[in-house]
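2 protein chains.
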Amino acid sequence: MEFIDLDKTASYAKLVSHALKAYSFDYAKLDAGRVARCLIPAGGGLMYSWAAKAVDEPEIKLLAALANEQELIGKYHMLLDGEYMNTGEKRRVLHHLLRGRLGKPVIHEGKNLEEFYAGELERIAAFAEKVLGGELKGGSGKTFTTVVQIGIGGSDLGPRALYLALENWAAGRKKMDAKFISNVDPDDAAQILSSLELDRTLFILVSKSGTTQETLANELFVKGKLKKAGLDPAKHLVAVTSETSPLARNPAYLDSFYMDDFIGGRYSSSSPVGGVVLSLAFGPQSFKELLEGAHEADRLALESDITKNASLLDALIGLWERNCMGYPATAVLPYSQALSRFPAHLQQLDMESNGKRVNRNGAPIAYATGPLVFGEPGTNGQHSFYQFLHQGTDIVPLEFIGFLESQRGEDVEVEGSTSQTKLKANLAAQILAFARGQSVDRTKDANCNKEFPGGRPSSLIYGKKVEPRSLGALLAHFENKVMFQGFLWNINSFDQEGVQLGKALAKKILASKGSSGDSALDAYAKLLSIC
Amino acid sequence: MEFIDLDKTASYAKLVSHALKAYSFDYAKLDAGRVARCLIPAGGGLMYSWAAKAVDEPEIKLLAALANEQELIGKYHMLLDGEYMNTGEKRRVLHHLLRGRLGKPVIHEGKNLEEFYAGELERIAAFAEKVLGGELKGGSGKTFTTVVQIGIGGSDLGPRALYLALENWAAGRKKMDAKFISNVDPDDAAQILSSLELDRTLFILVSKSGTTQETLANELFVKGKLKKAGLDPAKHLVAVTSETSPLARNPAYLDSFYMDDFIGGRYSSSSPVGGVVLSLAFGPQSFKELLEGAHEADRLALESDITKNASLLDALIGLWERNCMGYPATAVLPYSQALSRFPAHLQQLDMESNGKRVNRNGAPIAYATGPLVFGEPGTNGQHSFYQFLHQGTDIVPLEFIGFLESQRGEDVEVEGSTSQTKLKANLAAQILAFARGQSVDRTKDANCNKEFPGGRPSSLIYGKKVEPRSLGALLAHFENKVMFQGFLWNINSFDQEGVQLGKALAKKILASKGSSGDSALDAYAKLLSIC
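Quick mapping for you: the protein sequence lines, in order, are chains S and W. Take the position in the first sequence, starting the count at 1, then add 3; the result is the number in this note's numbering. Take the position in the second sequence, starting the count at 1, then add 3; the result is the number in this note's numbering.
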């Protein structure tokens, strides 16, 4: 297998020259036939529609050649087989294995990791059943009704987004309420704790390394509150960590669940990081269904025909937009309130994975990598930043997400349509409005304010309903898209060296008490009354 | 007063030629002296620090010339005096007047609008006192404990962001809980309503026109629930609208509070749109303090020396970054959990105001206007998209926001520092890390993964604590920044024509029942089972 920088490939040169010379896309092509033709199953009952993306046969052909030259499917196989794809950190990348095996058995230091991950999943299920069945109780002998996850970044955004996504789906049969404490801002923990019955609350401390500054500070905050309430913290805390961390097998916790260094934070929603909280909130079976949906998407991602592989095509079109069209950002627009924080998770997933400027061997690269990712649910966004998307001076490619049915099924009919129908009609309308725009006859009206340039490409992922299986597939779709793009750019999508410098400087400020030897650092510390 | 496109001004030509030829900024200049020098009061106790922005005397001089040539302060005066600055819609722009008068008296059709706005504010205060004092009760005779705002876009994002910002500040003395229903997704309303005691809930229906599709659908949803619970909706709903809307003086509501067409949705947090819900949640006095903080910032924005006018300088540096440096986006990074949704409000404020492609007279323009705006609170973002900000291939200018003290004052000390101190140390550290980066000796280490290019400009707005006065100033700072940028680009920052096309198409889909005559529209409608 060869690892080549994008700009060293023959296919990329052809793509760029095509983009510069011959490229144009006529949105008049967007008709019923194209909508029916440009549809790919994405797992979990989801479909990926790329009809409103501005690529056609010539571009697809060039992108297929690039996929082939960069051996994307081969590299995915390498990853599935447990190769050390996280090059800088010399780690395997095994979040797919959490959902089921698609490659060779992965044996690490004598341990079969498929069995290890599956074993933890079973332990979580058994633990959840004990909590939910009332067998395991808090320090004052009461059953647990609320679970609070303490974690930040990957230990927070993914699990939180998934929890919020399923809350309404589980309405009336939710097992436990879940809350999340993440920020080191002490108001975050203080506010969450003020709303709880502590004696009925189980806390999950999540830190792979067991050294995350924010999470340890919040743990102490929580422990202080528990003690003050006369409760034994060891009866109210479980840990999710790696077996080598100081939190592992520690009597300070009721129990501990493990992942390892091969599960990156932003890819850890399928691991105990997401598993414990989601199994407690919705029952272990729901979490298993979520993993099944993800596994299905993982399997579909093995298809080598790019027109039949949703995450692969999504990745390639994204590269076309980023590197050939020069668009710097992508908006994720779920028409579903359940997915209110899903864009925040994708923001981390994508920007932390592919916001890189060196290749997988650490050599600087000369082309754009991962885009800026942002988004809010529709229709809300329509009343906010869509003005910019429709009539701003930049083009932002869009990823719409929609569902046929609401989760609760409660609805109201106004002017002949339900709210769910209105939601979907708005979604469909936006795709067309962005694609085609609206022209004004400038000979009749010199005012161009009602002119929409159109030419704003979008994709659509849709499914029947937000439920564990479709949600798992949605999660995996984007993970796999990001992975394929990392392979295309020849970068390491699995480290995050860019977070280190700030951490080190923060420690320096805290240790120096205002005399770090750096006058600007000390001046800011003084402005902010740090020392 | 002349209104000239940016690229027709002499100063802009000079700026661009300076950027192309002579520009460089050496971050070694960022020392204690510069930090002390580059500080401007921003109202409400806030300070604006631009020390880590990549501009120096030559750029400031050129920007001052542009501010002068585009007569920014003069145009602000025109706006304050009630001129019709919303050109396309032929409306005045009067959100400043909600906070106090800084220009001539504004008389519209015989009505003194300062008095009208102040009168509504008094009516709101009296109404809130009646509700909070228990004089006004729900349909079943119980006092109100919860208020739910039904609105979308400007009727939702600003008030919601402000409510969340003050919740912890008011801990222990909050008057009422507030919740928000916005999305037409029926799960949004259904979920909020399932968590309420309906007989103790007061709903605020917010729609200036009284015709917003989402809001009217949600109103009906709520009314249905109230009736089902045996409650008279007219005893549980108040309206915030314009006097000419169908909601005005309508017996279907307990009371109505008014703004007018001169208060744009995204600028309406200082109007009854924010006033009713915030006065109920925190008491009328808190809302008045918020307005006072905003008024103070508005007054400071009148200063013509750009080095003494925080919002003006912020606007000008933003233009430098957008039009001379070519940066397409700006990140807003509040180091305060209280401001968790403040970036979402700013996203609307900025992108809906300045995401425009024609000038104020409707003629197409040939330069970039408003940037993409996004953000999440720190330190959370550090564990998410900061990788991209530090080591991605694009530069994104940053706006940090921080506070010396937490709101609740509850904290914990770990390893010699409190969480609040850690939060601030991280903020200071990030400013320096982004500015200066970190080099590696490439002769010794070919791996550049630990290299940080730096050169990422940032500003910092900081204050003592998030409280009504500082929050009001923060809100107004950004409103005024956006206004000045609109003047610079010679666009109309006060309309939102870009939202119309999608609305019209959605109506077409709903009316056509699957046979709109547009095959693509019908095909999407079919995919989504709309008809």
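Think of the hints as simulated: they come from the structure by calculation, not from any bench. All figures in this text were calculated on a predicted structure; none of them were measured in a lab. Just so you know, not all the hints are guaranteed correct.
Which copy is meant is left open, so a pair is good if it fits within one copy or across any two.
[Unchecked claim] As a list, the in silico DSS-like pairs of lysine-lysine whose alpha-carbon atoms are at most 30 Å apart:
(1) Lys-182 - Lys-64
(2) Lys-17 - Lys-447
(3) Lys-178 - Lys-11
(4) Lys-291 - Lys-311
(5) Lys-291 - Lys-24
(6) Lys-93 - Lys-140
(7) Lys-230 - Lys-93
(8) Lys-11 - Lys-447
(9) Lys-510 - Lys-468
(10) Lys-182 - Lys-32
(11) Lys-510 - Lys-467
(12) Lys-178 - Lys-231
(13) Lys-11 - Lys-32
Hint check:
Taking the shortest alpha-carbon separations for Lys-182 and Lys-64, neither the intra-copy value of 47 Å nor the inter-copy value of 51 Å comes in at or below 30 Å. Taking the closest pair of Cα atoms, Lys-17 and Lys-447 never come within 30 Å of each other, the shortest separation being 43 Å inside a single copy and 36 Å across copies. Within a single copy, Lys-178 and Lys-11 get their C-alpha atoms no closer than 53 Å, and across copies no closer than 64 Å, so neither meets the 30 Å cut-off. Proximity of Lys-291 and Lys-311 under a CA criterion of 30 Å is satisfied intra-copy only: 26 Å inside one chain copy versus 59 Å between copies.
Taking the shortest Cα distances, Lys-291 and Lys-24 never come within 30 Å of each other, neither inside one copy (49 Å) nor across copies (60 Å). In the homo-oligomer, the alpha carbons of Lys-93 and Lys-140 never lie at most 30 Å apart, since the shortest distance is 41 Å inside one protomer and 66 Å across protomers. For the identical chains of this complex, Lys-230 and Lys-93 are neighbours neither inside a copy (41 Å) nor across copies (63 Å), given an alpha-carbon limit of 30 Å. Within a single copy, Lys-11 and Lys-447 get their C-alpha atoms only as close as 51 Å, which misses the 30 Å cut-off; across copies the closest is 25 Å, which meets it.
Taking identical chains as interchangeable, the C-alpha atoms of Lys-510 and Lys-468 lie at most 30 Å apart only when they sit on different chains, with a minimum of 24 Å there against 46 Å within one chain. Taking the shortest Cα distances, Lys-182 and Lys-32 never come within 30 Å of each other, neither inside one copy (47 Å) nor across copies (45 Å). Taking the closest pair of Cα atoms, Lys-510 and Lys-467 come within 30 Å of each other only across two copies (23 Å); inside a single copy the shortest separation is 48 Å, beyond that limit. For a Cα distance limit of 30 Å, the shortest separation of Lys-178 from Lys-231 qualifies both inside one copy, at 27 Å, and across copies, at 27 Å.
In the homo-oligomer, the alpha carbons of Lys-11 and Lys-32 never lie at most 30 Å apart, since the shortest distance is 33 Å inside one protomer and 39 Å across protomers.
When held up to the earlier numbered hints, the structure conflicts with 1, 2, 3, 5, 6, 7, 10, 13 and fits the remainder.
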